[in-house]
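Engineer: If you want the building blocks of each chain, they are given just below.
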Amino acid sequence: MKASKPRRRELVVETLIRVAGFSAIFFVALVFLFLLREGLPAFWKTSLGNLFGGRWYPNEGMFGTWPLILGSLLVTAGAVIIALPLGLATAVFIRELAPNWLREILKPLIEVLAGIPSVVLGFLGMVAIAPLVRQFLHVPTGLTAFTGSLMLAYMALPTMISVAEDAIDAVPSSYRDGALAMGATHWQTIWRVILPAARSGVIIAVMLGIGRAIGETMAVMMVTGNAARIPHEWDALFLPVRTMTATIAAEMGEVAQGSTHYHVLFAVGILLFVVTFLINAIASLVIIRGSPRRGGRLMG
Amino acid sequence: MTLRSRLGAAVMLALLVALGACGTQKTDRGTPAPAAAVRIQNKGSDTMVNLALAWAEAYGQIHPEVEIAVTGGGSGTGIAALINKTADIANASRQIKTEERSQAQANGVEPMEVEVARDAIAIVVHPSNPVNGLTVPQLSAIFSGQITNWREVGGQDRPIVLLSRESNSGTHVFFLEHVVRQGSTDDRTLFSPDTLLMPSSEGISAEVRRNPNAIGYDGLGYVTPDQKVVAVAPAAAKPYVLPMVATVNDGSYPIARALYVYTAGESQGAIRAYLDWILGPAGQEIVKAQGFVPLQQSDIGDGVQGLVIGPFPRWQDSESE
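Residue numbers (numbering that gives the first Met the number 0), protein chains in the order written: chain A, 0 to 299; chain B, 0 to 320.
Keep in mind that the hints were calculated from the coordinates and are not lab data. For every residue, glycine included, the Cβ atom is placed at its ideal position computed from N, Cα and C. There could be a bad hint or two in this list.
To list a few chain B residues with every Cβ distance to chain A over 12 Å, as calculated [as the list claims (entries may be wrong)]: (1) P63; (2) G72; (3) S127; (4) V135; (5) N212; (6) D249; (7) R271.
Ranges of calculated distance between the beta carbons of each label pair, as one might list FRET restraints [as the list claims (entries may be wrong)]: (8) A:G52 x B:G153: 35 to 41 Å; (9) A:N58 x B:R38: 54 to 60 Å; (10) B:E284 x A:L108: 50 to 56 Å; (11) A:E59 x B:A235: 24 to 30 Å.
Negatives, chain A to chain B, calculated, CB over 10 Å [said to hold, decoys possible]: (12) L10; (13) V18; (14) P40; (15) A88; (16) R102; (17) N225; (18) D234; (19) Q256.
Let's have the full structure, built from the sequences with the hints guiding it.
Structural biologist: Shown next, in the form of structure tokens:
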């Protein structure tokens, strides 16, 4: 009797853990099903031509999602272009160049950066960054896609830095020693040996950054101006845009449940999901394609 | 083993906390505070939320037995809550839509409308902007994107940055119908796609304060002294009028609207008493203090009775076809 008691307890705990594990999958599946159930009706309640038209004005039944998709992509691309060099450079600095004591200060500071609520950043962007953007770039308003990209870059940086840093850390020290022994300079070692070896980790860092950026809502809504225009000019980055997330956040609260507008907002959610999925799929492809080379090198 | 016992302790702790929570709840129930006998849920328009709060607070002081919970969210949110029977009074800065009305009726709710105050929509620009007056046709051309430079309306050579509330705001809908389309129902003009849609009144005032290119509009109660209010003329040859109580009441300011509350069916009991108080001198004094335009006593007549309108046909909205 007594011997079986711990066994039973173990069984209970194991079952609980299993239930917890499956519940995560279960809830994700439920969310996805809900999204489909609420979003798919949009595709037959309005025409596809309307849904992928160029004008978003729900009050008049115009549900063109192109401006929103392009807006999201533009802001995200801008954010990655800004954050990638900064994040990579910071990761390299922390891992390869910084003295120990400085690394110990920098790492927690970067983690603190990740904890700043996005609404605070959005407010900062609206009050402090937007006027600067307007004055220095001589654009009509400071509430632009670029301002959004700046805020998103700032938000994506902590994730990018820590993941890239881990990737660099995972490069075997024999690579580093080998390169230095061959007479490569410190810079050559970093640029030619360490970064290529850490490539897949760096790509994951970028992907996580993109994921963070494209799904971000509050800060973007506060600084991008939310004008549902199609960014077609060469300087569209410096003009206002409206993103998919900001549209859902701004309009979901007041929409009549069950109306076409309601379903279309969920459809925008599906589109956002599809776009994120595509980006992730492309990233996985890149990593899979890149890994045999690295494996081969490891073997050699 | 230690891990397991720690886990056990944690579970025990959680249980204790849960039990404790139950305990306090019980004691709360055991000794009922001299709580409000009546609770009124009031929800809706963000334009009206400060006004509704001020009303609720003042009313609570003279009628402590009535507790009024005020929340914002927007006119549509309030009406949706009325339809779902989660709110007793819905505040709206626009009239109820046909779609909403039929939805309410399907849910067994007959929305009744009471006009409680009036509001002027002020056109605001940066204080350094030299433009003092604009006509409604000019505003329509500006906000629909036909006029894009301040030079065309007598200002400096600057691009015009359009600011608007989100398209689901009652203020936005009103502005579209009465300014952009100039009151014509078969006019299909829209806001320019370049219009910046700001999620809040604060967003508009912040940008107007800082950006000399900007033009925006908002309820008179939300205009701060650091924005410049532009006088508006109904047509080219008419006089320019600034928005204020007198010009709204005599009808000379062209962009004014009514603010409404909706109740489920004919209001009764405490809700009726509250609405009567709102329409009375004390309630209307608060309207004035909040920067809105009070109703004239001659319009109010005999309280809520005289003002209830409806059920009535409403404008065709886009999704009802």
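Engineer: Any hints from earlier that this structure breaks? Give me their numbers in increasing order, please.
Structural biologist: 2, 5, 9, 17, 19
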